[in-house]
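Colleague: If you read the protein sequences in the order shown, they are chains V and U.
With numbering that gives the first Met the number 0, the residue at position 100 of the first sequence is 99, and numbering never jumps.
With numbering that gives the first Met the number 0, the residue at position 102 of the second sequence is 101, and numbering never jumps.
Think of the hints as simulated: they come from the structure by calculation, not from any bench.
As the structure is a prediction and not an experimental result, all values here were calculated from the model.
Do not take every clue at face value.
In silico lysine to any residue, SDA-like type, Cα no more than 20 angstroms apart, as pairs [unchecked claim]:
#1 U/K133 / U/D114
#2 U/K271 / V/E264
#3 U/K219 / U/P156
#4 U/K243 / V/S279
#5 U/K133 / V/A247
#6 V/K129 / U/Y194
#7 V/K331 / V/G250
#8 U/K219 / U/Q82
#9 V/K129 / U/N276
#10 U/K133 / V/S279
#11 U/K133 / V/L267
#12 U/K243 / V/A266
#13 U/K243 / V/G135
#14 U/K243 / V/S280
#15 U/K243 / V/R2
#16 U/K243 / V/A247
#17 U/K271 / V/G135
#18 V/K303 / U/E26
#19 U/K271 / V/A266
#20 V/K129 / V/R2
#21 U/K219 / U/E200
#22 V/K26 / V/R2
#23 U/K133 / V/A266
#24 U/K133 / V/K331
#25 U/K148 / V/L267
#26 U/K243 / V/E264
#27 U/K271 / V/G278
#28 U/K243 / U/F223
Take a look, some chain V residues computed to stay more than 12 angstroms from chain U by CB distance [to be verified]:
#29 D17
#30 R39
#31 S52
#32 E55
#33 A82
#34 F125
#35 L132
#36 E245
#37 E254
#38 Q285
#39 P305
#40 I335
Note that the Cβ used here is the ideal one computed from N, Cα and C, for glycine as well.
Spelled out, the chains give:
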Amino acid sequence: MKRVGIVGAGGISRTHADRWNQMPGIKLVGFYDIVKDAARAAVQRSGGRVFRSMHELLDSVDYVDVCTPGTAHVEPVIAALEAGHPTVCEKPLANSIFDCGRILDTAERTGTPLFIAMVVRFFPQFAKAKQVLDSGAIGAPGVIRTVRSGSFPDAGSAWRKGLAITSYYGDFAQSGGVLLDLCIHDIDYQRWCFGEVERVFARGMMYAGKEPKDHALITLRFANGAVGHIEGSWSYPRGRFATRIEIAGTGGIIEWDSRTRPPVEVALEQEDGSLASSGSSPTAPQHDPYYAELAHFVRCAEAKEPFLVTPHDGMMAVRIARAAIDSLQSGKPQYIR
Amino acid sequence: MSDIRIGMLSFAHIHAVSYVHFLSQMEGVAIAGIYDDDYDRGGRFAAQYDVPYFRRVEGLLDQELDGVIICSENAHHAPLVLQSAGRVDGILCEKPIATTVEDGLEMIERCRETDTKLQIAFPMRFAPPVMELKQQLDSGVLGEIYSVKSTNHGSMPGRWFVDRKLAGGGAVIDHTVHVVDLLRWFWDTEVEEVYAEVGDELLHPGLGIDDAGLLSFQLKNGVFGTLDTSWSRPESYPTWGDVKLDVLGENGLISVDAFEQNLQVSSEEEGKTSWVNWGSSGDEGLVADFVDMIREDREPSVSGEDGLRALEVALAAYESARRAEPILL
């Protein structure tokens, strides 16, 4: 039985806790959060105990799962790596390239396994699209377009209310807006599919003074000559969240859209005569992307095998997202060194 | 805990490829070997999974097996089950259970006599969209159920599937049993009456066997419905076929398209647009359930009787078509 401790008791922490609690061979032993009430609430919901310090958590676990906001990754991740515990770090690896460098240096020096939770690589449709691309079915890479657009991630659930997470996202100097918080998924996915990025150009609302709304359109040029487009949004109408994949090559194209008709549709007539309709796209529990990424972490950590997402991948995604923000400010394309 | 040792008996049915793939990924399971009367086919899969190939069934049954998976031609299910019964704890037999009721009864009886668990491969029970429908139905949200319209379309598979002696029929025997099994499972009921319009070589001139079937049925629980079993998906179609169910009740409609989780892939090499499924395969759940049955020494979740009831409906459909009248089961 391996013991897992979670650092940070916000929204994604709850998602992870649910998966840890389902996983055979894993015991979720508790939470540490600088906001003690948040840790208490997490324990009440997901079990385990409240750790009063990072030190106390590190003494009680085999694995560490860092779910704090991006600005607060560097300290707990470095502490966990120094303690020799294989560690999961939520995306982005850190909010500055400087902090990414500190984490990478520590990971290299200690040799402690570090997995960056780039969950999009574990969504079955995104993983399948990569597999089809790699099979050669659409020829050589040409144009990749992805979309990740929804409404602002505010405190819709009681869980998040009062946990200061909303103000974190809305403070773009902290969160990096959609470019660093949301588009990082697509940057990582596109780089996984098409290879290294040569330059990035971005337009967006980060500096438009409309916080917490944000919206960005990014273009990428890859080292192999291919190009990429990313839309990321916190300005879509609520309930209209959409993701999309389009990968075109010299011999074909792969397409997927989250808004196509779902496999299960329920349409019920209510007592007042109105229609209640809903759709779902269920998969087996082990194919849930959050479960799959954490199970991947455990499997690789135990077999001492490299992770699908390396610390270098985590840093490159931050580097490209930061370059996109620089492009927004300068109005010029930014080259990735 | 020692590995559960599974032997594969024949790769004549393409589903064996998927079953052995998921077996190979499971912890605590060993693929003990492959028997196939087709030397090239058996040898190829044995090499791929790095397991021994056996030219004779007995050779594989001697390998201290816990279970076998039978994916032979339909008519060979019976002899292979009869031979394996008593030599293993569990048998997973591809659908339909057999080509005749007599064979099916003998298989069930022999397995009972030898205390061998017989499970029929109905993977749709393990497909997440279908499981979601089952949950919705169990919750009662639809109120009284009126009707179910269903399809299990396919592409014309050719090979032994169109040989009456080996397959027992064409599209109707091939594609009736999956959905009938689901209907029986949803409501713990039986098909009471079936009427069928069966089409011989309607879509594939010269095929020599039925390639279209429209079944109209009444269930014992009062629900009526239809099922289209036709091999009506041409080579140029984006996918092999479908399993779709529209369940109508007093409060509304639930529509399931079990293979709707797809990427659309247009490939110049293929010369067409295809749907590549990314959903969770029911085969994975089926094989895991079979191994779990052996490990836990429990009753099969889909029994030989379930397989026989579904076969009876397919055979009644042919009978109905011959007589052009509804058949009471």
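Colleague: Which of the numbered hints are not met once you compare them with the structure shown?
Modeller: 1, 2, 3, 5, 6, 7, 8, 13, 15, 16, 19, 20, 21, 24, 27, 34, 35, 36, 37 and 38
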